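Chain A is already provided as a structure; the job is to place chain B with the ligand on it using the hints.
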Amino acid sequence: MSALGALARLEAVAAGRAVPVATVRHCHLSERPLVIVPLRLAGEAVAPLAAMVGTDPERPRLLFVPQPRNRDLRFRFAAELAEVVLGRIEECRTAVEELPPAKDGTERVRYGEAPQIIVPNQAGVGFLRMLGRSTRFRRTDGPYPVDPAVPMLGRWLTWFADRYERPGAALLLAMTETLRLHWASGQSSLEDGNLAALLGWIDPPEGLTGPQAAALAEDPVASPPAGPATDPSFDNEVLAPAIAGYDEAADETGLSHAKERLRTVLSSQLVPTWELMWRAIGLLRALPEGANVAARHDRDRDSFTWYAETFEEGFPQARRDDAVNAARRLHDLERAQESYDAQRAFDDPLVMAEYRLTGEAFGGVVTECLPTRLDETGKKPKLRPWLRVRTGDPVRLEPGRAVCSAARPGLKGRIVEVAAGEVLVELTGGMGRKLTPEPGSVPEVGDRVCFTSLGTDSARGRPNFPEREQTPWTHGGPPAEYVPTDEDAQEAWS
Amino acid sequence: MTDLAARLDRLRGAAQPRNHDARTIAALTSNPGCARRGVLDAAGIDKDAIAAELGFAAPFGQSQFAITRGNVFEAQVKADGCAELLSLLRDRLGLSIPEVAYDDLGVVGGNESRKVRHARTRQLFARALGEGPGTLFDHPLLRLDIAGQPAYLEPDVIAFQFEGRFHIIEIKSFAMIDGQADPAQVASAARQSAVYVLALRRLLTELGHDEDTVSHEVVLVCPENFSNRPTATFLDVRPQLAVLRRQLARLTGIDRIVAELPADLTFEPGAGLAGAVRSVEARYSPDCVSGCEMALFCRDEARACGSTGALGRSIRDDLGGVDSIATALALADGSLEPAEELAETAAGLRLAARLRREALGAAS
Ligand code: SF4
Numbered sequence: 002m003s004a005l006g007a008l009a010r011l012e013a014v015a016a017g018r019a020v021p022v023a024t025v026r027h028c029h030l031s032e033r034p035l036v037i038v039p040l041r042l043a044g045e046a047v048a049p050l051a052a053m054v055g056t057d058p059e060r061p062r063l064l065f066v067p068q069p070r071n072r073d074l075r076f077r078f079a080a081e082l083a084e085v086v087l088g089r090i091e092e093c094r095t096a097v098e099e100l101p102p103a104k105d106g107t108e109r110v111r112y113g114e115a116p117q118i119i120v121p122n123q124a125g126v127g128f129l130r131m132l133g134r135s136t137r138f139r140r141t142d143g144p145y146p147v148d149p150a151v152p153m154l155g156r157w158l159t160w161f162a163d164r165y166e167r168p169g170a171a172l173l174l175a176m177t178e179t180l181r182l183h184w185a186s187g188q189s190s191l192e193d194g195n196l197a198a199l200l201g202w203i204d205p206p207e208g209l210t211g212p213q214a215a216a217l218a219e220d221p222v223a224s225p226p227a228g229p230a231t232d233p234s235f236d237n238e239v240l241a242p243a244i245a246g247y248d249e250a251a252d253e254t255g256l257s258h259a260k261e262r263l264r265t266v267l268s269s270q271l272v273p274t275w276e277l278m279w280r281a282i283g284l285l286r287a288l289p290e291g292a293n294v295a296a297r298h299d300r301d302r303d304s305f306t307w308y309a310e311t312f313e314e315g316f317p318q319a320r321r322d323d324a325v326n327a328a329r330r331l332h333d334l335e336r337a338q339e340s341y342d343a344q345r346a347f348d349d350p351l352v353m354a355e356y357r358l359t360g361e362a363f364g365g366v367v368t369e370c371l372p373t374r375l376d377e378t379g380k381k382p383k384l385r386p387w388l389r390v391r392t393g394d395p396v397r398l399e400p401g402r403a404v405c406s407a408a409r410p411g412l413k414g415r416i417v418e419v420a421a422g423e424v425l426v427e428l429t430g431g432m433g434r435k436l437t438p439e440p441g442s443v444p445e446v447g448d449r450v451c452f453t454s455l456g457t458d459s460a461r462g463r464p465n466f467p468e469r470e471q472t473p474w475t476h477g478g479p480p481a482e483y484v485p486t487d488e489d490a491q492e493a494w495s
Numbered sequence: 597m598t599d600l601a602a603r604l605d606r607l608r609g610a611a612q613p614r615n616h617d618a619r620t621i622a623a624l625t626s627n628p629g630c631a632r633r634g635v636l637d638a639a640g641i642d643k644d645a646i647a648a649e650l651g652f653a654a655p656f657g658q659s660q661f662a663i664t665r666g667n668v669f670e671a672q673v674k675a676d677g678c679a680e681l682l683s684l685l686r687d688r689l690g691l692s693i694p695e696v697a698y699d700d701l702g703v704v705g706g707n708e709s710r711k712v713r714h715a716r717t718r719q720l721f722a723r724a725l726g727e728g729p730g731t732l733f734d735h736p737l738l739r740l741d742i743a744g745q746p747a748y749l750e751p752d753v754i755a756f757q758f759e760g761r762f763h764i765i766e767i768k769s770f771a772m773i774d775g776q777a778d779p780a781q782v783a784s785a786a787r788q789s790a791v792y793v794l795a796l797r798r799l800l801t802e803l804g805h806d807e808d809t810v811s812h813e814v815v816l817v818c819p820e821n822f823s824n825r826p827t828a829t830f831l832d833v834r835p836q837l838a839v840l841r842r843q844l845a846r847l848t849g850i851d852r853i854v855a856e857l858p859a860d861l862t863f864e865p866g867a868g869l870a871g872a873v874r875s876v877e878a879r880y881s882p883d884c885v886s887g888c889e890m891a892l893f894c895r896d897e898a899r900a901c902g903s904t905g906a907l908g909r910s911i912r913d914d915l916g917g918v919d920s921i922a923t924a925l926a927l928a929d930g931s932l933e934p935a936e937e938l939a940e941t942a943a944g945l946r947l948a949a950r951l952r953r954e955a956l957g958a959a960s
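Top to bottom, those sequences are chains A and B. First residue of the first sequence? That's 2 in this note's numbering, and the numbers climb one at a time after it. First residue of the second sequence? That's 597 in this note's numbering, and the numbers climb one at a time after it.
In short, the hints are calculated from the structure, not lab data. The structure presented is a predicted model; accordingly, all values stated were derived computationally and were not measured. Among the clues, some could well be false.
As the list claims (entries may be wrong) - If you only want the chain B side, here are some residues facing chain A, beta carbon under 8 Å, derived:
no. : residue
1   : S769
2   : R825
3   : A949
4   : L956
Unchecked claim - Quick look at which bits of chain A chain B covers, simulated, 3 or more residues with Cβ under 8 Å:
no. : segment
5   : 188-194
6   : 352-358
Ideal Cβ placement from N, Cα and C applies to all residues, glycine included.
Excised from the complex, chain A in its bound form (with noise of 0.2 Å):
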């Protein structure tokens, strides 16, 4: 974090409520968001207890596994979990955008919708990472027999937690980050992990201030955690004599009433946080939807496509990355993130302020301005403007810096000279193509400009990885093709 981060958490507690640090919304949100809480038996790697799942605030649809330990209701219940979160994707295929085709011709197309999975915590995408790698190379046939859902759910869990990892995707999101994207409470980040403490400083109820109702969430029984751990109060107390219940019903009325039970009270640890999670996503629908939204939201229909349509010949994903996929994926990883950062300051003044801060942006009003400058040093002449700007800004930009303009960023130029709280600006392009500037283009003496170098590094390519076949002994060799095996397949999940 920065001071600036840090300065609004300081006036967060002032305020005894959040404060924004986002304009604009960063993320895209789906029309029908599928909501999944999911609760895990304590003390078990993965072994499912519960979720509450749904793309309607109104109509929930409780999941769970009366006994935990049970592998026959672990994948009946990955079953059902599969039967939603494939209904989901199927819808999202529906609709198909064509684009136009590929420099070979090939046909390109585009699902009209990507699917969006949103999870209270990061802990809840971890879980399902774990439910994806615990499901997904099983086998439908053999000697222990699955639903053929249950693999196909095990390689989409995976993917979604893959897209997790890639900065801007919004393919699945948790929802604690995506409002600490937005607004800073008065508490600590560790604190902010727990939703109901973070939407209490957020969103207090009428009422409350922002630490008083955090101050009730962070009471286990008033407001029940958000998961994937359960309460170990409400394990011992409450889930522990009611998985009993049914494992000692002696008949089906028995057995029905025990799983009655479970309903209920599982139903009560996850209303409350169902409940948060909507809510969470109306205050996040409010926002305004920042500018590059709409195009990151375009790769993800990508990929999406992508994956769906090369699903049915592809394998489930490897247990671990090759030398060279990790490598190229590492890559691939920290130019998203430039690009995500960079995007999202030009989509919003507050993220830009970052910038700002350290010095690759300068924010000021025009002084000067000759519009109409040429540059004629060359053969042709060239409309080179030049822009004096007052800032109060540390700029750290040498002269000879590329920078472009952060609320028109094809408006381009080169830092001349910076000195004592002005900089002088000679802009390049953008302002059409004549020796004189289109109406408008050129900003005029009062105006208030924003200049960054932020996006104008020329492109970095991705450097040459080695193909699969060419990995270096160094690094292990050449992987083989991940075919699972049989052992994956049967792989116990006890």
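Only chain B with the ligand this time, still in chain A's reference frame:
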């Protein structure tokens, strides 16, 4: 009894010194800069009890599902004279162990005192070295001095002697999935194992052996993937050992802090308790919540006095070390003229405040 020990006893009052275990000793290292914690721990005060007494009970509870799972897994690994464990050591770690003696040093019968059991542990270890191809000691009773007071540890671990060296074997029930376990859980296991390694080293040096007789490589046994099948890896706990050593040494040096406390200070339960606790300086940070039983009390205190540290260590650093929220805000809005040493920080804060204002103004 030393002066310090007598003084610490007085601070504790009538209460029994708390029983330490590896978790509480490992936790000693989690906020080493905090004088309050240092004094409470050195005096063997039950922080859990006084936090509850103060109305800020620590929210540490454990689910019975987690406990059961842990016990079942451990029992399974240790069943039949540690049969599964041995085949792991052979197959996974490639140790050639032809035959093994297994000794359980747990409570055998009646109510032996911990001193007696520790003596028995000592005896057996003394005999084991240099004898036989391999030996497993289950439930050894170890001892570690905390600020001059002996603390007995009853680890659920096994000390494994192989070719003249001991290894601590730690059995944990968190899963190792595709060769990776949750880093937080591994870190906590490493901190706890380091306590055992250190205690065992103390024991063996007392017996006249070299420290290195106990390896810094701990054997961590966990379930593999999603199964109950155990797998094993070596865990190097040298960094944790270094931290632990430093903190234990620091606790012994607690006399300087104690000397400055009022002579009649005591942490006996009662009306004066909160005042007594407050009189020892704390250094709260949000990490305390996962490592110290006093956390909710100290958080409340830090918040009430408007400390920037309550928002996180990094926040305080971002604010150039300014401790008070009110001061930082006043520097930011220019209503407070900074002292000379704060001039730079203040300028940074004012700039940040102006940039926020401009950006929020531009948006509306
Ligand atoms: S919770 Fe309080 S006593 Fe414990 S380490 Fe933190 S500041 Fe010190």
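Hints versus structure:
{"no.": "1", "hint": "S769", "in the structure": "holds, 6 Å"}
{"no.": "2", "hint": "R825", "in the structure": "holds, 7 Å"}
{"no.": "3", "hint": "A949", "in the structure": "holds, 6 Å"}
{"no.": "4", "hint": "L956", "in the structure": "holds, 7 Å"}
{"no.": "5", "hint": "188-194", "in the structure": "holds (count 5)"}
{"no.": "6", "hint": "352-358", "in the structure": "holds (count 4)"}
Hint check: no violations occur; every hint is consistent with the structure.
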